[in-house]
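Student: Protein sequences appear in the order of chains B and S. This note's numbering puts the first residue of the first sequence at -5, with every later residue one more than the last. This note's numbering puts the first residue of the second sequence at -5, with every later residue one more than the last.
If you are wondering where the hints come from, they were derived from the structure by calculation, not from laboratory data. Please note that the accuracy of each hint is not assured.
Heads up, the list lumps identical chains together, so a pair's fine if it works in one copy or across two of them.
Straight-line distance between alpha carbons at most 25 Å, and here's what the computed SDA-like set of lysine to any residue pairs gives [said to hold, decoys possible]:
(1) 44 with 195
(2) 274 with 77
(3) 277 with 82
(4) 274 with 169
(5) 274 with 76
(6) 51 with 104
(7) 192 with 170
(8) 192 with 168
(9) 192 with 169
(10) 274 with 93
Protein chains: 2
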Amino acid sequence: MAAQTVSDFAIAVDLGGTQLRAALVDRGGVVSARQNVATAAQAGADTVVKQISDLVKTVISEATGKKILGVGVSSPGPLDTAEGIALSLPTIAGFENFPLGAALRKSVALPLWLENDGIAAAIGEWRLGAGRGFANIVYVTVSTGIGGGVIVDNHVMRGRRGMAGHVGHMIIVPDGDVCGCGTRGCFEAYGAGPAFTKRAVSRGLTADSKAVFEAAREGHAIAMELVREEAEILGRGFASLAHLYSPDLIVMGGGLANAFDDLIPDMRATFIENAMPAFKDIKIVRAGLGGNSGLIGAAALVFDGTQGSA
Amino acid sequence: MAAQTVSDFAIAVDLGGTQLRAALVDRGGVVSARQNVATAAQAGADTVVKQISDLVKTVISEATGKKILGVGVSSPGPLDTAEGIALSLPTIAGFENFPLGAALRKSVALPLWLENDGIAAAIGEWRLGAGRGFANIVYVTVSTGIGGGVIVDNHVMRGRRGMAGHVGHMIIVPDGDVCGCGTRGCFEAYGAGPAFTKRAVSRGLTADSKAVFEAAREGHAIAMELVREEAEILGRGFASLAHLYSPDLIVMGGGLANAFDDLIPDMRATFIENAMPAFKDIKIVRAGLGGNSGLIGAAALVFDGTQGSA
Chain B
-5 MAAQTVSDFA
5 IAVDLGGTQL
15 RAALVDRGGV
25 VSARQNVATA
35 AQAGADTVVK
45 QISDLVKTVI
55 SEATGKKILG
65 VGVSSPGPLD
75 TAEGIALSLP
85 TIAGFENFPL
95 GAALRKSVAL
105 PLWLENDGIA
115 AAIGEWRLGA
125 GRGFANIVYV
135 TVSTGIGGGV
145 IVDNHVMRGR
155 RGMAGHVGHM
165 IIVPDGDVCG
175 CGTRGCFEAY
185 GAGPAFTKRA
195 VSRGLTADSK
205 AVFEAAREGH
215 AIAMELVREE
225 AEILGRGFAS
235 LAHLYSPDLI
245 VMGGGLANAF
255 DDLIPDMRAT
265 FIENAMPAFK
275 DIKIVRAGLG
285 GNSGLIGAAA
295 LVFDGTQGSA
Chain S
-5 MAAQTVSDFA
5 IAVDLGGTQL
15 RAALVDRGGV
25 VSARQNVATA
35 AQAGADTVVK
45 QISDLVKTVI
55 SEATGKKILG
65 VGVSSPGPLD
75 TAEGIALSLP
85 TIAGFENFPL
95 GAALRKSVAL
105 PLWLENDGIA
115 AAIGEWRLGA
125 GRGFANIVYV
135 TVSTGIGGGV
145 IVDNHVMRGR
155 RGMAGHVGHM
165 IIVPDGDVCG
175 CGTRGCFEAY
185 GAGPAFTKRA
195 VSRGLTADSK
205 AVFEAAREGH
215 AIAMELVREE
225 AEILGRGFAS
235 LAHLYSPDLI
245 VMGGGLANAF
255 DDLIPDMRAT
265 FIENAMPAFK
275 DIKIVRAGLG
285 GNSGLIGAAA
295 LVFDGTQGSA
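Extracted from the complex, chain B is given alone in its bound form:
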């Protein structure tokens, strides 16, 4: 590769319900000039848009002499990336049917791409993380919610309004527990972090999931049972996703991936038990880019220039 292309940079923005992050990312996935602020999640869309443009300006100011091709933004969804409209961001107030793409383009004087966070992280893992070199991956982030993104036949699956891959809202129990999305029985309502800690508390343990995993490692019976249950919920969900998308591998990210080693034995056993024979050998792996999957995926949108966000 010519030195010229290596010196290209993208500004990547990762908008989350708690943290807003921005950084400079090169084609090799090296992240620099990293900036963080607490998201003004209750202050309304205009304030958040200003936070983003201010953060982008700060990153630009640290990139003197560098060639910046554009800005890639990873945002929670559902986000209509075909039109650039935030339909609603459950964790950030004031974004109902908000034209996020247009608002950002007004305040950022660079080409800009917008992507649902699950899809952005999937792209990051596919390009430079655990999914590198595979044609088919399902990325699942298990955190305060369950999100994801799907690459199939070397193609980023976007679908109607760019909203494909909402894997956390596959219904796994008819009329089951209420989910953050407002409906019932979703994978997220059982498998995400809050469901895990809720089960822990209901059985007399702490709400600190790290401490529960630690206790399980030390042989605490209830903690071990909780970890096994969580692994089973995830393993069964992943078996469904295998049948639905036929990936080469399933990549698990998000906060609970920190406990990947604790979860994988029962997760894999349950996956194999629930997968049809032709799907049993699909691998489940931990995300390779840690917390940077989204930033690196957002940067990839810029380098590819392929996303159709208006």
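Place chain S on chain B using the hints.
Tutor: Relative to the frame of chain B, chain S by itself:
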């Protein structure tokens, strides 16, 4: 379109557990020279391969003077269409890891394409049926099993070994009823025809699903309850599929689509109840090609020449 292209034909073969069908199909989806035989489902792979090649020869003999571009075969799966290998055909004996593509190419002297039946039917509906003109469709056949295929971003989703879109094996009840695939709790185990008739029989009604729908239309309370339950199972499953694939529309085919008008009111109500706000307006429609979705999709493989089956 030039007259020359209109006079091109494909031979389409639809291999099913009960019937083996073949026909001549033109680019407009007109089906002629139709042939049927009962599938020798217990006789082994060699016999079935001979049935297929004999049927193809019969169709060729009726196509004198016509330009035939090739043969497209729709087969039950899981079928590794990347390698042309039938991994196992639950309804037809003797196909475990059988090189179906190679065997057919030995006996049929025309270019040949092979596709999983759910994907073939999805292609048919996308090209010339209810999904015509849409970029994103999920096709679901509800019959003795539940199968399907997915078009996303104008791309036929194939995935690892060409096995994507096994929508009937999304797990909807943890450790639920045993499914034909050997695992538990699948959408198919609750939503397919046999589950419906089993519920009917367990409540004192007939195993004839047509008669149950008829009785419901006449106001029979138990029959009405059975129809409502079936509609709810399907509507909830379709809501999951909407979140997973973000289609423009969901196309329902298969035997139970004959009762589409009976099912749609409660199916739609349950769909809307279970779909996230941004997905509630996705339409559910009946397949437009009836029993011909698979044949027309198999023919489309030939006209496109795009499938990678070896």
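Student: What hints, given by number in increasing order, does this structure fail?
Tutor: 1
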